[in-house]
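Novice: Sequence:
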Amino acid sequence: MKILVCTKRVPDLETIPTPEIPPKSPADIFRDGLAWRMNRYDEYAVEAALQLRETTGASRIDALTVGEEDAEEVLRRAMGMGADHGVHILQTNDRLTSPFTIAGLMAAYARERAYDLILCGTMSEDLMQGLVGPIMAGMLGWPCLTSVHAFAQSERSQALVCEREIEGGCQEALEIDLPALLTIQSGSCQPRYPALSKLLRANTYPLEVFSEETLAPADARQRVVTVRPPEQRREGVRIEGSSESKAHQLAAMLRSKGLC
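Residue numbers for the sequence shown follow the working numbering, so the first one is 1 and each next one is one higher.
The set of hints was computed from the structure by calculation and includes no laboratory data. There may be inaccurate statements among the hints.
In silico lysine to any residue, SDA-like type, Cα no more than 25 angstroms apart, as pairs [as the list claims (entries may be wrong)]:
(1) LYS2 / THR55
(2) LYS198 / ASP70
(3) LYS198 / LEU96
(4) LYS2 / LEU127
(5) LYS198 / THR92
(6) LYS2 / LEU13
Derived CB-CB ranges, DEER-like [to be verified]:
(7) ILE166 / GLU112: 27 to 37 angstroms
(8) LYS246 / VAL161: 15 to 25 angstroms
(9) THR214 / ARG37: 40 to 50 angstroms
(10) CYS170 / GLU240: 48 to 58 angstroms
(11) PRO229 / GLU167: 25 to 35 angstroms
(12) LEU13 / THR226: 38 to 48 angstroms
(13) THR92 / ARG221: 49 to 59 angstroms
C-beta: ideal position from N, C-alpha, C; glycine also.
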């Protein structure tokens with residue numbers, strides 16, 4: 001079984017100040033000065049691929065990303081976790097790129113390379129759209145399942161049994177024929193920490209690099225017009241005074257609103 005895992009570099013907003021909103025332009029919201037890391041949902045996809053190989057003996061796991069030159073760091077992390085090969089589709093500007101463009105580039109790469117399974121994170125943490133995987137599957141003409149949290153080899157060799165959570169907390173089990181594309185969300189398994197020996201190999205490994213122009217990117221179909229913070233719909237009230245005075249003021253406010 002030959003597996004392709006699609007990964008994305010996203011800004012690490014937990015360790016740095018929130019970017020300026022509104023930015024000078026929509027493309028500037030994720031510009032220089034930000035720390036970057038692999039999208040966490042994509043880490044689950046890498047882990048799912050590794051676990052499938054451990055149970056079925058999959059022959060090869062490739063990691064793929066689309067982005068600027070620095071985006072290669074997510075490929076090296078995926079290889080540190082255990083992926084065999086890294087593929088970088090190089091863009092001159094990867095900020096807020098249309099999901100149609102990203103899916104088109106990835107599909108163009110995967111189409112002629114006989115993959116049995118493609119795994120994507122269920123969504124990216126920066127834009128939270130969850131579109132690239134399903135669009136890519138549509139371009140390839142492959143069956144697709146979204147938000148899968150567990151899967152295993154079916155009794156039939158060219159099929160997988162997948163599980164995902166649906167409304168009401170129920171679990172849905174489906175069998176999907178290969179080749180197929182799955183988007184993975186967090187489940188019972190935690191992504192493994194990269195091994196030192198594999199990280200050393202990944203840091204010197206010659207990645208396979210393609211220019212986006214050579215893969216004929218698809219029409220963007222959408223563009224970001226503006227980015228703005230949520231509208232403030234109510235004003236806060238600051239209560240001043242001693243602790244006893246604050247308590248009386250708060251109680252009066254709650255009584256006036258019929259809350260106590």
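Novice: Run every hint past the structure and note whether it holds.
Specialist: Checked hints:
1. LYS2 / THR55: 14 angstroms, holds
2. LYS198 / ASP70: 20 angstroms, holds
3. LYS198 / LEU96: 31 angstroms, violated
4. LYS2 / LEU127: Violated. LYS2 to LEU127 sits at ~29 angstroms, over the 25 angstroms cutoff.
5. LYS198 / THR92: 29 angstroms, violated
6. LYS2 / LEU13: Measuring from Cα to Cα gives roughly 34 angstroms; hence the hint is violated.
7. ILE166 / GLU112: 27 to 37 angstroms: Roughly 35 angstroms apart at Cβ, these two residues keep to the hinted range, so it holds.
8. LYS246 / VAL161: 15 to 25 angstroms: With Cβ atoms ~58 angstroms apart, the hint is violated.
9. THR214 / ARG37: 40 to 50 angstroms: 28 angstroms, violated
10. CYS170 / GLU240: 48 to 58 angstroms: With Cβ atoms ~50 angstroms apart, the hint holds.
11. PRO229 / GLU167: 25 to 35 angstroms: Check passed, 31 angstroms falls within 25 to 35 angstroms.
12. LEU13 / THR226: 38 to 48 angstroms: 20 angstroms, violated
13. THR92 / ARG221: 49 to 59 angstroms: Because 20 angstroms falls outside the window, the suggested range is violated.
Violated hints, in rising order: 3, 4, 5, 6, 8, 9, 12 and 13; the structure is consistent with all others.
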